[in-house]
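Peer 1: Make one complex out of these two single chains by using the hints.
Chains as they are written, first to last, in numbering that gives the first Met the number 0: chain A, 0 to 321; chain B, 0 to 392.
It is worth saying that the hints were derived from the structure and are not from the lab. Computed from a prediction, not measured in an experiment: that's the story for all the values here. Idealized CB from N, CA, C, for every residue including glycine. There may be inaccurate statements among the hints.
Listed next, the in silico EDC-like pairs over lysine to aspartate or glutamate satisfying Cα-Cα at most 20 Å (straight line) [claimed, not checked]:
1) Lys264/B / Asp241/A
2) Lys36/B / Glu156/B
3) Lys358/B / Asp251/A
4) Lys368/B / Glu4/A
5) Lys130/B / Glu37/B
6) Lys264/B / Glu236/B
7) Lys248/B / Glu176/B
8) Lys177/A / Glu290/A
9) Lys281/A / Glu245/B
10) Lys171/A / Glu4/A
11) Lys269/A / Glu279/A
12) Lys283/A / Glu269/B
13) Lys235/B / Glu245/B
14) Lys373/B / Glu176/A
15) Lys9/A / Asp195/A
16) Lys341/B / Glu269/B
17) Lys348/B / Asp247/A
18) Lys273/B / Glu176/A
19) Lys338/B / Glu385/B
20) Lys170/A / Asp146/A
21) Lys255/A / Glu386/B
22) Lys287/A / Glu269/B
23) Lys42/B / Glu11/B
24) Lys343/B / Asp90/A
25) Lys248/A / Glu260/B
26) Lys248/A / Glu324/B
27) Lys290/B / Glu290/A
28) Lys342/B / Glu78/A
29) Lys281/A / Glu297/A
30) Lys341/B / Asp388/B
31) Lys267/B / Asp247/A
32) Lys373/B / Asp195/A
33) Lys63/B / Asp109/B
From the structure, some residues in chain B lie toward chain A, with a derived Cβ separation under 10 Å [as the list claims (entries may be wrong)]:
34) Lys99
35) Lys248
36) Met249
37) Leu251
38) Ala274
39) Tyr275
40) Glu340
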Amino acid sequence: MSQSEIWTEKYRPSKFEEVVGQQEIIKRVKSLVNAMNIPHLMFAGPAGTGKSTLALIIVKELFKETWRENYLELNASDERGIDVVRQKVKDFARTKALENIPFKVIFLDEADALTKEAQQALRRTMENFTNTCRFIMSCNYSSSIIDPIQSRCVVFRFKLLEKKDISEVIKKIAEKEKLKIADSAFETLYEASEGDCRRAINLLQATASISPDITSEMINMIAATTKPSGIRVILDYALAGDFINARDKLLDTMLKDSVSGQDIIKGIQKEIWNLQIEPEIKVKITEKTGEIEFRMTEGSDEFVQLQSLLASFVLAGQGKQI
Amino acid sequence: MKTKEESQSLAEKYRIRKYLDLVKQDSAIAEIKTFIKEFPKKKAMILYGPAGTGKTSLALAAAKENDYEVLELNSSDLRNRAQLEAVLKPATLQTSLFKKGKLLLVDEVDGVTGTDIGGIPELIKLIETTKFPIIMTGNDVWQSKLSQLRQKCKLVEMKALQTTTIIEILKKVCEKEKIKRDDDFLRKLAIKSQGDIRAALNDLQSYSHSNDIQVDTTEKRDVEDNIFNILKKIFKERQPFLELFETTKMSLDEILLWIEENIPKEYKNESLAKAYYALGKADVFRGRIYKNQSWRFLIYQNIFQSAGISFSKPGILPPSFTRYEPPKRILKIWLNNQKMEKKKTISRKYAKLVHCSTKRAMRDFPMLKIIIQKQEIQDQMRLSEEEVDFIKK
Numbered sequence: 000m001s002q003s004e005i006w007t008e009k010y011r012p013s014k015f016e017e018v019v020g021q022q023e024i025i026k027r028v029k030s031l032v033n034a035m036n037i038p039h040l041m042f043a044g045p046a047g048t049g050k051s052t053l054a055l056i057i058v059k060e061l062f063k064e065t066w067r068e069n070y071l072e073l074n075a076s077d078e079r080g081i082d083v084v085r086q087k088v089k090d091f092a093r094t095k096a097l098e099n100i101p102f103k104v105i106f107l108d109e110a111d112a113l114t115k116e117a118q119q120a121l122r123r124t125m126e127n128f129t130n131t132c133r134f135i136m137s138c139n140y141s142s143s144i145i146d147p148i149q150s151r152c153v154v155f156r157f158k159l160l161e162k163k164d165i166s167e168v169i170k171k172i173a174e175k176e177k178l179k180i181a182d183s184a185f186e187t188l189y190e191a192s193e194g195d196c197r198r199a200i201n202l203l204q205a206t207a208s209i210s211p212d213i214t215s216e217m218i219n220m221i222a223a224t225t226k227p228s229g230i231r232v233i234l235d236y237a238l239a240g241d242f243i244n245a246r247d248k249l250l251d252t253m254l255k256d257s258v259s260g261q262d263i264i265k266g267i268q269k270e271i272w273n274l275q276i277e278p279e280i281k282v283k284i285t286e287k288t289g290e291i292e293f294r295m296t297e298g299s300d301e302f303v304q305l306q307s308l309l310a311s312f313v314l315a316g317q318g319k320q321i
Numbered sequence: 000m001k002t003k004e005e006s007q008s009l010a011e012k013y014r015i016r017k018y019l020d021l022v023k024q025d026s027a028i029a030e031i032k033t034f035i036k037e038f039p040k041k042k043a044m045i046l047y048g049p050a051g052t053g054k055t056s057l058a059l060a061a062a063k064e065n066d067y068e069v070l071e072l073n074s075s076d077l078r079n080r081a082q083l084e085a086v087l088k089p090a091t092l093q094t095s096l097f098k099k100g101k102l103l104l105v106d107e108v109d110g111v112t113g114t115d116i117g118g119i120p121e122l123i124k125l126i127e128t129t130k131f132p133i134i135m136t137g138n139d140v141w142q143s144k145l146s147q148l149r150q151k152c153k154l155v156e157m158k159a160l161q162t163t164t165i166i167e168i169l170k171k172v173c174e175k176e177k178i179k180r181d182d183d184f185l186r187k188l189a190i191k192s193q194g195d196i197r198a199a200l201n202d203l204q205s206y207s208h209s210n211d212i213q214v215d216t217t218e219k220r221d222v223e224d225n226i227f228n229i230l231k232k233i234f235k236e237r238q239p240f241l242e243l244f245e246t247t248k249m250s251l252d253e254i255l256l257w258i259e260e261n262i263p264k265e266y267k268n269e270s271l272a273k274a275y276y277a278l279g280k281a282d283v284f285r286g287r288i289y290k291n292q293s294w295r296f297l298i299y300q301n302i303f304q305s306a307g308i309s310f311s312k313p314g315i316l317p318p319s320f321t322r323y324e325p326p327k328r329i330l331k332i333w334l335n336n337q338k339m340e341k342k343k344t345i346s347r348k349y350a351k352l353v354h355c356s357t358k359r360a361m362r363d364f365p366m367l368k369i370i371i372q373k374q375e376i377q378d379q380m381r382l383s384e385e386e387v388d389f390i391k392k
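For reference, chain B alone in the conformation it holds in the complex (with noise of 0.2 Å):
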């Protein structure tokens, strides 16, 4: 008879426990560490990153290290507004019987579907009642599903683990396991997992029954790629293009998007113009799907945003690191559009008034804000009390 811990996988076995377990996540750490101490500063907190980076591992030591009860509500679970609301809502509120404290933990935020119903908002209502931390974890938190949620959250990324500390790893629990497996074997299985701690476990463990020490490095698991590489891919290695794409469930706008923040980031001058004039042609053709519906123009947009990028530079491209940043363009458009909502309902009260468009009175609305600062005015065009705020502002 095995017991539990022998029938346990490597990977849950040598989950981390503890953060001093955790081998190089140190910034992240700090962060968790930071969010718990100064909770409610801050209500909950995402943990992104690509799979088997220690996510989830991060989070349950977290609530260990603090003594804290852990709620865990997973992928496997339904996730939709009734179910948050019946589990969930009640544990955000009691208080933990045997612990000093409750954390929540929301594995796979980025996997809530759409058969979730309400499951998102529901969770940002949470967030805003809740009296113990949440924290979430996800590989691609940047889908625009997300985008709300990500706003009301601290977010903390988990790099992709180098293969010398997995490498590391390995040698610790083959040391303990007492597991024969030469420095060689090793660095093809860290290589082979690319950054993913949990599949070179599981890898090491599979082989461990068998004596063929052949590993094929080709055969990868079937990633999904996130944006980050895909930009990396395009900017600097010149990826095969037409599949490029392929491997990530972001749609091709708003990868356009991604690909407009950045290239400033990797172009100058003349490379710059190119990229630019590429990612142009690109829109266009995106612009003309659009108007006539003729998706025979998606390859013409994919070309122009891939290798049409990918050649604005001459030459070979000299291995580099660039910290690519995620649109900003949504983000301010949205926030601006809450501030112009005002700004438009008092232009459309004043227009009513003075016999022109609307348009015309949000172009000259600094101007007509000195007049209406006046209480008969304010009083003539029925302006709320928010609106009166507003304009004294």
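The shape of chain A in the complex, shown without the other chains (with noise of 0.2 Å):
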């Protein structure tokens, strides 16, 4: 197969020596791989840490060159309903594997993505099909997955890679490459990746393919794309009293840049304390966010309820009672 021109998967390390950070996490991994046998896995992280990378590392390492067919990746956030266990999962995991290991692999990614109807369909699963399957997952948090299946896994916590371990790699793909870095985009580049290694990586072939010569400045005008910068916007509108604005703001970030009504709600919670209205204020507002952010899981319309709490900041604008 031709090497990926996408640098995340070009530069994608296949052997445990090639990883960067998550030292104490690699060794106990590897320790259990050169055993041939593998426990049900949990990686546990924020994105971008090599949560990922890691299980595929496993899997080339334990199948070598028929890893493909013994491996079987799905992405528990594209197909979050119980019907990918029922069928894809126990599909794959019921026959047998051909080799001289007696067991296939099974990746979850985003596993905490699974409804919880899901993960107890997926729980019996993981039991019954011991024998012929492994399951590695992957979630941000483990608390998001339920303690039956934590009990069936080896969790490992992966942190936030730091900026040594970011700067190491960017050097060594400028390298190969043939890139020009300037010393501060190193810096602006681990700031802007927010500790996520695809996140820094791609932002450097994209500011690559505009000019080798890499500069903070590009760097951060690349990054402010993907920003979603719409929600003080809408609130300074709201603030403003400018209703209408605020709302057609509010839907066009909903809509053009893909961001769902519970991560506007989560942004708006978290920006409600930057902005310039009295602390009493803040804390009535906060509480009316609260209260809209538990309808929306409850199945109200999103967009209907943040209307409802864009009204509030009008008032809040005003220092009114809200």
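Peer 2: The following block contains the structure:
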């Protein structure tokens, strides 16, 4: 297979030794793999810290050339229903591996996106097929995985990558791709990536496709395109009493930038404390925000509920009781 | 023996024949003139408005003024796909034998019902291929089943006639028909008609044979209220609420969208917040109905969505006119989904290659778009031509 020109793939480590950061985890996982047997694993940690990479290394080390036949990768955030577990997972899990290794591996990425029902279904599957199949699950927070599944797994907690880790990766790529990176750009890349290696590499490649001379300014420019900057603008309109514009901007953000109502409300909740309003009102409006978020989880219409919150921000902007 | 003319109803007899006769619909007349002049820039138009405002008359007048033959299909005809294809389609493609051109009139398009299977889609197809202008009329064109049709058509509203206008017309007819009625009688008739000239003329005819001049204005025709009236009743009149939504075929959820769109037009500040609070509550109950199938909660949605909104403003409401607008949200979502479809398929292809979720790829899309400008990457992702076009935009 020809090498990918997408750098996150091209420079994805394929050996334990190449992985940056997470040294403790690597050591322990490596010893498991050397014994040619792994338990069910759970990788918990933020995005871009090496969870998928490590899963891939594990199967490549275990199965060598035939890893593709013995490995199933599912992304739960795209296929989150119980049907996935009942069909894809079971179909793959019930047949035996053809190698020296008596089991296959299923990597369930972003497993915290699975519905509770799907997780319950998974729990039985994990037990029933444990002889023929091992699971590696990744999630952001292990707390969103039901206890019975957690107790069946060895849990590893991945940490955010540090600046030196990210810089090491960047340097390696820059060398191979013949890029010139300004010193300050390393700092900017790290900050814009927020410790997420995938994001750092994507930023680098996007910037490099414009010019091989990488500067701070260019990185910031590219990084700004993916930041949901909309929320503050929406709130500022509302606080200034311009409800119509606030609402139009809200709908735009939800549609054009594909931000879900749930993400918007989380963003609003964080942003409240940066607003120029009385602390007393901040508390009131936070209470309101919490109520709206709860309603959304209950199945209310996100846009109607958010509009009602924006109407409260209009009052907050005038220093009135909410 | 009566001649044909004598046996005609007044409403038919005085149906307007020329633009000139059409009272107080100047803007609609101007619109239809440009429509016919500019055809085929827009191929179809919908004249909408309450009954008896002159929609059909205007369309017929337009044909007459331009010396066009009229092919009419109204709700008494079956209007399913086969029927439309058999009757209208040949007509849209063949030229007229005797007249300068042709005009297709689909009357009461909102009456294309469930039994007219495939009617609306076929109509949309006809609009695409027709060589002649198509005019449709309807009372309630904001139903969701007509949404796609609406996008293909020029929409022209015909307002309910004002009482004074109706009185004027009635007077003229009385003069010509030598009916003697005092102004007070005609005024009562006009009020009773609620802007429907056809109803007024019919009433005039029925009363003209009796000497009883009593007009009971409370005996209103059983009109179906359109959404604009419902909004007016909620926002301005605080009308009896429980029956309010029964006067329309529009669903409660659809009305909710209309209210949502128009709240900021009526309320500011505290009232705005209160109104949205009520709407939010209505929506919460709506959610509970759907989630648990507890239709009992419908009454709460109903009340919050009517009285809840109404009493967001204290005191008596001053009478004023507000131009309500149809909800933009649904259209925006639909348009956006069309656009997003490409973004989604591209993201899916990308996600497969790099071990991440489609959602994450969608979130990072602006950045990815820059990266996948590269030919090799496009090849590796097996992007279709359209998808390549999409990222190059």
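Peer 1: Hint by hint, note whether the structure agrees.
Peer 2: Tested hints:
Taking the CA atoms of Lys264/B and Asp241/A, the gap is about 12 Å. The hint holds against a cut of 20 Å. A threshold of 20 Å between alpha carbons decides the hint, and for Lys36/B with Glu156/B the separation of about 19 Å falls inside it, so the pair holds. Using a Cα cut-off of 20 Å, the hinted pair Lys358/B and Asp251/A holds, with the two alpha carbons roughly 18 Å apart. For a cut-off of 20 Å, the pair hint linking Lys368/B to Glu4/A stands: about 14 Å separates their Cα positions.
The suggested pairing of Lys130/B with Glu37/B holds, with an alpha-carbon distance near 13 Å, which does not exceed 20 Å. Distance restraint check for Lys264/B and Glu236/B: the Cα-Cα separation of roughly 16 Å lies within the 20 Å cut-off, and the hinted pair is therefore satisfied. For the hint pairing Lys248/B with Glu176/B, the CA-to-CA distance comes to about 39 Å; that exceeds 20 Å, so the pair is violated. Taking the CA atoms of Lys177/A and Glu290/A, the gap is about 53 Å. The hint is violated against a cut of 20 Å.
A hinted pair counts as satisfied when its Cα atoms are at most 20 Å apart, and Lys281/A with Glu245/B does not qualify at roughly 42 Å. Distance check on the hinted pair: Lys171/A and Glu4/A sit about 16 Å apart at the alpha-carbon level, within 20 Å; holds. Pair hint Lys269/A plus Glu279/A holds up; C-alpha atoms about 16 Å apart against a cutoff of 20 Å. The straight-line distance between the Cα atoms of Lys283/A and Glu269/B is roughly 15 Å, inside the 20 Å bound, and the hint therefore holds.
Only pairs whose Cα atoms come within 20 Å are accepted, and Lys235/B paired with Glu245/B is accepted, the gap being roughly 18 Å. For a cut-off of 20 Å, the pair hint linking Lys373/B to Glu176/A stands: about 15 Å separates their Cα positions. For a cut-off of 20 Å, the pair hint linking Lys9/A to Asp195/A stands: about 17 Å separates their Cα positions. Proximity of Lys341/B to Glu269/B is assessed by CA-CA distance (about 42 Å); at most 20 Å being required, the pair is judged violated.
For the suggested pair Lys348/B and Asp247/A, the alpha carbons sit about 31 Å apart, so the restraint of at most 20 Å is broken. For the suggested pair Lys273/B and Glu176/A, the alpha carbons sit about 59 Å apart, so the restraint of at most 20 Å is broken. As the CA atoms of Lys338/B and Glu385/B are separated by approximately 12 Å, the hinted pair is consistent with the 20 Å bound. Annotation: proposed proximity of Lys170/A to Asp146/A is violated, straight-line Cα distance about 41 Å (limit 20 Å).
For the hint pairing Lys255/A with Glu386/B, the CA-to-CA distance comes to about 17 Å; that is within 20 Å, so the pair holds. Pair hint Lys287/A plus Glu269/B holds up; C-alpha atoms about 15 Å apart against a cutoff of 20 Å. Of the supplied pair hints, the one linking Lys42/B and Glu11/B is violated, its CA atoms being roughly 29 Å apart against a limit of 20 Å. Proximity of Lys343/B to Asp90/A is assessed by CA-CA distance (about 27 Å); at most 20 Å being required, the pair is judged violated.
For the proposed pair Lys248/A and Glu260/B, the alpha carbon gap of about 14 Å is at most 20 Å, so the pair holds. Taking the CA atoms of Lys248/A and Glu324/B, the gap is near 18 Å; set against the 20 Å cutoff, the hint holds. For a cut-off of 20 Å, the pair hint linking Lys290/B to Glu290/A stands: about 18 Å separates their Cα positions. Between Lys342/B and Glu78/A the alpha-carbon distance is near 18 Å, which keeps this suggested pair within the 20 Å criterion.
Straight-line distance between C-alpha atoms of Lys281/A and Glu297/A comes to about 24 Å, which puts the hinted pair past the 20 Å bound. Our distance criterion of 20 Å between C-alpha atoms is met by Lys341/B and Asp388/B, whose separation comes to about 10 Å. For the given pair, Lys267/B sits about 16 Å from Asp247/A by alpha-carbon distance, which is consistent with the 20 Å threshold. A distance of roughly 23 Å separates the Cα atoms of Lys373/B and Asp195/A; the hinted pair therefore is violated under the 20 Å criterion.
About 25 Å separates the Cα atoms of Lys63/B and Asp109/B, which puts this hinted pair outside 20 Å; it is violated. The interface hint given for Lys99/B is violated, since its Cβ lies 46 Å from the closest Cβ of chain A, which is over the 10 Å cut-off. With its C-beta approaching chain A no nearer than about 22 Å, Lys248/B sits outside the 10 Å limit, and its interface hint is violated. Taking 10 Å as the C-beta contact cut-off toward chain A, the hint placing Met249/B at the interface is violated, the least distance being around 17 Å.
Interface hint at Leu251/B: violated, since its Cβ lies 13 Å from the closest Cβ of chain A, which is beyond the 10 Å cut-off. For Ala274/B, the shortest C-beta to C-beta distance to chain A is roughly 8 Å, which falls under 10 Å, so the interface hint holds. Evaluation of the Tyr275/B hint against chain A yields a held restraint, the C-beta minimum of about 4 Å falling below 10 Å. The interface hint given for Glu340/B is violated, since its Cβ lies 12 Å from the closest Cβ of chain A, which is over the 10 Å cut-off.
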